[in-house]
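Asker: Read off the chains here:
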Amino acid sequence: MQHILRLFILLVGLFAGAGSYAADAAPKLTTPDDLGPQIEQPIEFPHFRHAGDAKDGGMQINCMYCHTYARRSMVAGIPPVQKCIGCHQSIESVRDKPRIQKLFEYWDAKKPIPWKKVHDLPDFVRFNHERHIQRFYFQQDRPYQEVCGYCHGNVKAMTVAQRQKPLTMGWCASCHQKDHPVSANSTETGHGPNDCFTCHK
Amino acid sequence: MSKRYLLALYNNFDEAEAVVSELRNSDIKGFDAADDLVVKSPIEHPEVEEFLGEKPVKVQWFTLGGALTGGLLAFTLIAGSQASFYSQMKGGKPIVPIPPDLVLTYEMFILGGVYITVLGFLICAGLPARRSPLYSAKVSEDQIGILVKAEDGSVAKLREIFTKHKALEIQEEAGR
Amino acid sequence: MTENDFNRRDFLKVLGWGGTAVALSGCGNTSIEDGKETVTSYVTLPSYVIPSISNYFNSTCAQCEAGCNIMGRVREGRVLKAEGNPNSPINRGRMCGLGLSGVQAHYNPDRVRQPLLKGEAITWDKALGVIADKLNGVKGAEVAFLTGNMSGHVQALLGNYMDELGSKNHFSYEAISPAVLRAANKKAYGVSMPRYRIDKARVVVSFGADFLGAWVSPVHFSQQYAQFRKGSRPEGRGVLVQIEPKMTLTGANADRWIGVRPGSEGVLALGIINALGKAGLAIPADVAAASKAYTPERVSGETDVTVEQIEKLAALLKERTPSLVLTGSAAEGYAHGSQNAAAIALLNRVLGNIGKTVEASASVPFPQIAPTVGNRASLVSLNDGLAAGKYKVVFSYGVNPVFSAPAALKFKDNYAKADFKVAFAQYLDETAQAADLVLPLESAMEDWATVVPEYMAAPEGAGSAGYAQMSFRQPLMDKLYPDTRGIGDILLALLKQRKADKYKEFDDFYAYLRSAVLKNKVALGGKATDDDDVFWDETLSKGFVPMKGIAGAVSAKASASDLRLPSATADQEYPLRLIPAVSASMRDGRNANEPWLQESPDPLTTIVWDSWVEINPKTAAKLGIVEGDIVEVTSRSGTIRTQAYLFPGIHPDAVSVPVGYGHEAMGRYAKGVGANVFAMLDAVFDKETGELALNETGVKISKTGQRVVIVKEEGPVGGSQAGKKKIAVQVAADKVDLSKEV
Amino acid sequence: MGKDIREDIAWAQINKDVLKSLESPRKLYWVILLVAIAMVGVAVGCEIYQYNVGLGVGNFDNPNVWGLYIATFIFWIGMSHSGTLLSAILHLMHADWRKPIYRFAEAMTTFSLMTAGLFVMVHLGRLWQVYYALPYPSERWVWPNFQSPLLWDAMAIFTYLSSSVLFLYIGSIPDLAICRDNIHQGWRKKLYSILALGWEGTDRQWRNFRITYLTVACFLIPLAVSVHSIVASDFAMSQQPGWHVTSFPPYFVAGALYSGCAAIITLFIILRYVFRFEEYMTLPILKKTVRLTFAIAMVWTYLNCIEFAATWYSHDEAAKAVLIEKATGRFAPFFWGMIFCGSVVPFALMVKKWQTSIPVMFAVSLLLNLGMWLERWMIVAPTFSHGYYPWTWDEHMWPSMVQWGIVFGSFGWFTLLFMVFCKVVPSVSMYEVKEMVYHRSLAKKKEEQAVKEELAAKGAN
Amino acid sequence: MSVSNLLENWSKFRHTHPVDDKGHPDWEAYPSDIKWAMSIDLDACTGCNACSVACYAENNLPVVGKEKYSHGQAMHWMRIERYWDESAGVGEFDADKGARFLPMMCQQCEAAPCETVCPVGATNHTEDGLNSQIYNRCIGSRYCSANCPYKVRYFNWYNYPEQEKVWPEPLNQQLNPDLTVRTKGVMEKCTFCKQRTYTARNNAKTEGRPVQDSDVQTACQEACPVGAITFGNLFNPESQVAKQWKSQQVELTKEVQDKDEKEGNRLRGYRILEELRPYPSVMYLERVRESAV
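Chain order of the listed sequences is U, G, W, F and Y. For the first sequence, the numbering used here begins at 10 and goes up steadily by one. For the second sequence, the numbering used here begins at 16 and goes up steadily by one. For the third sequence, the numbering used here begins at 995 and goes up steadily by one. For the fourth sequence, the numbering used here begins at 5 and goes up steadily by one. For the fifth sequence, the numbering used here begins at 9 and goes up steadily by one.
So here's chain U without its partners, still in its complex pose (with noise of 0.2 Å):
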């Protein structure tokens, strides 16, 4: 009996140990509070600032008035350096601050800002910013937090968008294969396409 008892401990223990090594292995679907790394930015953009909720003194801009590319193209872009000047030549109270001093110095210079990919993907891989925009935030009419922030989080909360969701294969297909609402009051459902090929290039 011991030799059993021994055999079986042996099995059970390397099926528990691969076991948990491959849980652990395996990247977390979503990681609420695990920050993706921080990044450094030429000019440390407040989010909190612009698009932050009124009661911590933001001002609740929605995403897509500076991303405006999102609802129309593949990437969500990043704004002109004309798009920041054409409020703040305006506003005159934070002019001597350093990053909008900063920012007037690219713009005196002719010069884009060298801003750093937040939210990179791989190279083989197609995300369309514009179906997703389409389907969650005009077809569904959900609040603009909540469809950017699926993705990309809290960014009303951050200064440097920090990636906050892991963005990885299994992450994006658990909601693909999810039914939503085909749009805002409707009992029909649908999911995210299964094709490989349809996000895969």
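Source of the hints: derived by calculation from the structure; they are not laboratory data. Possibly wrong hints are sitting among the right ones.
Here are the simulated lysine-lysine pairs, DSS-like style, with alpha carbons at most 25 Å apart [said to hold, decoys possible]:
1) Y/Lys262 with W/Lys1719
2) W/Lys1720 with Y/Lys74
3) W/Lys1718 with F/Lys324
4) Y/Lys213 with W/Lys1719
5) W/Lys1473 with U/Lys120
6) Y/Lys173 with W/Lys1734
On the chain U side, residues computed to face chain Y include the following (Cβ under 8 Å) [unchecked claim]:
7) Phe136
8) Glu197
9) His200
10) Phe206
11) Lys210
Cβ atoms here follow ideal geometry from the backbone N, Cα and C, with glycine treated the same way.
For chain U, the structure is supplied; the task is to place chains G, W, F and Y on it using the hints.
Answerer: Positioned in the frame of chain U, the structure of chains G, W, F and Y alone reads:
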């Protein structure tokens, strides 16, 4: 009362058989031929098993269980993964095509069978085992060993039986 | 775009082409990368630019003289691809492989990047200074300017510059231009380049005109051909007969390819007229007289075409009208090329095609921008002048005569005789290497220009008669190399050296072009009240402007009186006739450094990355040559070594070697690929026009004993389907019902 | 005709003789081992080069996407079948002559499978992503394609390899115990006492041992058949002319047994010579093996004929074209070489005098092996260069030195493994030879007894 | 996850897609309303190679050079084949009626032989009827190419972008960002310009309408100087390609077309190697030649 082990070595199976049958017929106190007698031989010898009496072998049940588990596991894994792999369509075939899946089911059937049989063997044969109290390298060479466990008092009696049948060598050791 | 402070080139700048811009190294890295790549961002951005969505800007293709209107696909400041402009009457949204490769001329890694004085990099100021120095004290007559085909405002500027220099020595040279045809057309129809209406013809008989491949305006003719082949057309599906000694792409698509003996095309044309007469067609008396001697039997003997074939062809031509007879380079490249062309033109007259399928074309109302078309005779006269030491300063632009002049002319040596040679070049090609000063040009995708095509295609419908157009070439992206300049800018700078105050209002060629166009707003289809900026933007966004052209008229007065067609004479020493083949992609070799063209197989032989000599299997059997043998092709003027390819589509008396290969310079993709057939051509000239006759070289072939495996697309079974009739199927026209097809 | 194993050979002598083979090797051993290592070195070098630069260095082209790797892969897989034949099939058939030679045959199975497995790896374009083919639960929810015969292949090889290793191990536990009892020095002592698992030859152990051995043998037989028929499915399940053949699975199995038997003859002769095993690997055993090989050779020849005939009389023009191409085209020398080595040479096995001639059999077995390698190549290559689509036919593709180097090195790899094995595990199964001798002497006794009784009866009468 | 999915999907996918046992399409089971298809008029095709070059430009195909081309390692997704008449017998070529050109690329088979054999599932059938190739999933076993009757799959034998330097600076700036550049060890093939059909579908969906012919052209179709190539949604009866298929009586899921059995069939639509039953999505129209001359 303490136990003692005795190992007698014999040259051939006929002598060993004679010893065993005599031991079985003898009425030695504290010695039960069914439990306290172990025959060790360098080769597999069906007659030994015969004269030792039927002892059911249970490895087959492991085999059956292993094979069925393997097959079932394989089919569930394969069909399940096909159904959940974003339901990718393949060349005009169904998502879960039975005939191709059976091939792997078959392989896993065998794999499970073999693995669990071997596991069953180890369990049934009591392997890996610690050395028994008395062992002679002669057993793995050309001699048949008869290992008995008996109470102190019956050692002399056993020795007598062993020598009677021309034991080549008799070893003795205190048991636990 | 109408904002004043907005420079158009600003948004064409290549900005941070990280992630969204190009996906390099597709696989392998499967993880999310945080903060490694830079995002494409701009300072200012017009509203029509959306990242990840392409913008299309109309421009004009510069890869050949057809001048197709293209759209450049521009994304994140880079031009990615040339696509056809659907509104263009020339190419109607279509492209050829050569045109598509234009982006590789632009992005070519072997472009010249700064001015080079005897190989040393110098600044532009210095380069222009050197030119001024060298021109100092040189008489106008001692300056020569060699160009290829030219048109538009660059040509106007060049004209001005030549005037300023007091020189009349503008030589326009094209190695493979249909120059004999122009002269013959002028004589036969009254216009040098009439509009051909293949789409209206029921039968097209083409004497070596490779209109689907490399002849005049191939994409346009391909459009016409597509119409011509439609069974649902009122005229029914057209029949194409191609008569040529070496099968061209067009020949490969003909219903009947007739491998005529080289040089006897004119004889065959007269033979057909003769047969037409016999078949009952009314033949004008002078033509009948000229063709009387050419009985089918005699013609058959001279041309290697069976009597039956001639009669069948005549019957078809008589039955199905209108037809169209074309004269191509294969027929005109002889000492009697003009005679051939004249004889063939008679066919159109006899068949009554003139005015029906040979239409009058129109020319642009501004003579100074009308195309100057190149020919080979001008090179000969330049060469003669150089040999005589007449020219001290020679400019060359867009041509590579050191490569493409026949060796017999000894052009390279004569060129060296000039004191100072300036080459405007995009590549360091053979001519640029021989020049003293090389001025790097912008590519056609960075430059401004206007283009007036020689062959003036017209849109369908009314108003096509007097249609003429001017196409615009505009930058599709920012300059790749800051030290390159457009030819217009260079000419303007040179003009400013001479007459600074006259041109001082123009900062650059762009300003000159803009003002020149706006000055003629009305002629270019605008109204005098139109806002300049609006008109300019609209014009650019269209890519071309239609104009009321000066309509020519075609006449059917081709005379048959002075036709002299020599009979073929056998050359004992050099028994085979060499036909330099012009392929659609390689042409005269100026685009040889574009890798797509090198790698796209020759349609007929499917050979890539090398030249070859096509030999008829019968001839090859006689000479004991098999495919892949390295052979020496020897003429009186030179020898090349190349691989033999057995080709059923060539007359047994002829061999053919493609032109455009065998560069000794130019760049990594062109250099050392194949052999240069130009170098071995005999200097024989067309008797009437003085054009170099390309097909008049006799050669002999000898084996070298080496053999290679030819690098080609076709497999070892060649074009055989090995009995598989379901791969490429061919049916007879009467076996299918084409009229109801969609 | 040499003598068979003596019935009266002492069991202790058997131990002594066999254990001698585990002693420190002769110089020649080290020389051969070094040669084998050098061969592996060549292959490793080629593989590193190929891995770094890309598969193009193997000189593949568009139609010929598989080269020698897959052919050699099948060759090694095929070779593995001999072990199963000898240890499992003949075991069930109670053919006792297999006993002295099955151990090394089984080792051959294991090592040739290990070699074959490497070719699957070498063949891949992206070896570094090979884990994509494993069915493991990943975050991406992506699975391999279980419909692919290639995956079946991988699974079958894994099953076969692990089962063979277990079978080999289980079968040698009693012998490992002998080693443990007799070798008392160095690392070997520790190794054997661990590997022997405390085997003592008790009746309980023997009882379970017998049934386990039998059960695993029973599993191995269908497994072996399935492995090579799955390898055959790689081809038969495809749609290509010359591959899409119904008789491929049995044909492959026959070919596998054939090449395995040929390899056994080769190794038999080598081991007999090297370890002086004349007493055990006797000529009568060789004779039986040779006869078995001949029988399988004829089966293979028959299946070959069937395949050709079926192709020839069918209406599958493409398959017919491939066959004609094989017989008359560029591959003709290799094709006829295969026919010669595979179907003509075996007739040498019929000659009684040669059946026990060591040099003749050695040469013949090498030829048979060559023929079987050619067979695999002739299955793979011609279909690629002469498929359905004439435009893509290609006669110029020839494997580069990189491919040849890796194929060459695989023989070194096999030799290396086998040689190490021979020095660690007894290559003749001692306990089974004892059994064989015992049963034979019993039978002889019985026979003598019967004769005596008969005589006695006669005498009584 | 897998067991519940299995149970859920079991009934849904029991039936084959899209060809059921009877050999005709089970369109009901087709998961989308798009089936991309093509037709190529060989009578119009002149063999000029423009389509092939356009494909190089659009799809980031590497130019491999002479040495590698000679090893048959060319990467042209669209190759132009040139055939001769063989009136005098096999291999005896006759040029009198010209040559025949045939543009050959991935036929996007409905029952693609390549899909079932890929060990890792890198090539699948998409819901809009394409034969997908997921580059990043590919491990390079090349089994798909081995099983392709048309041999239209091309393998990256080398690391063209980085090691072979096929796109030296600034030639790499031409690369199309809409699709990746494939690295070594990966199979690739014609995708019917997936990036273009994707954009077309996306735009149509945003505008809430079905995809029309005017939405999308493949790069080869766009370039073709004679307009020999037609591409579109076969399920849309208004599309040109559907009209052509219909008028030529070619049905997608048949291995022998009814019209071919008929006497005096005056149609010229056919598909290559149809009898192998891959159900290709490309219909060719036979070349026509006038016999009166």
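Asker: Against each hint, give a clear statement of whether it holds in the structure.
Answerer: The hints, checked one at a time:
Proposed proximity of Y/Lys262 and W/Lys1719 is supported: the alpha carbons are some 19 Å apart, at most 25 Å. With a CA separation close to 31 Å, the supplied pair W/Lys1720 and Y/Lys74 exceeds the 25 Å bound. A threshold of 25 Å between alpha carbons decides the hint, and for W/Lys1718 with F/Lys324 the separation of about 13 Å falls inside it, so the pair holds. Between the alpha carbons of Y/Lys213 and W/Lys1719 the distance comes to roughly 43 Å, so the proposed pair goes past 25 Å and is violated.
For the hint pairing W/Lys1473 with U/Lys120, the CA-to-CA distance comes to about 18 Å; that is within 25 Å, so the pair holds. With a C-alpha separation of about 51 Å, the suggested pairing of Y/Lys173 with W/Lys1734 is violated against the 25 Å cut-off. Of the supplied interface hints, the one on U/Phe136 is violated, with its beta-carbon coming no nearer than about 12 Å to a beta-carbon of chain Y, more than 8 Å. Interface hint at U/Glu197: violated, since its Cβ lies 15 Å from the closest Cβ of chain Y, which is beyond the 8 Å cut-off.
Here the hint on U/His200 is broken, as its CB sits about 12 Å from the closest CB of chain Y, past 8 Å. Given hint, U/Phe206 at the interface with chain Y, holds; its Cβ is 4 Å from that chain's nearest Cβ, closer than 8 Å. The restraint placing U/Lys210 at the interface with chain Y holds, with a minimum CB-CB distance near 5 Å, inside the 8 Å limit.
Checked against the numbered hints listed earlier, the structure breaks hints 2, 4, 6, 7, 8, 9; every other hint is satisfied.
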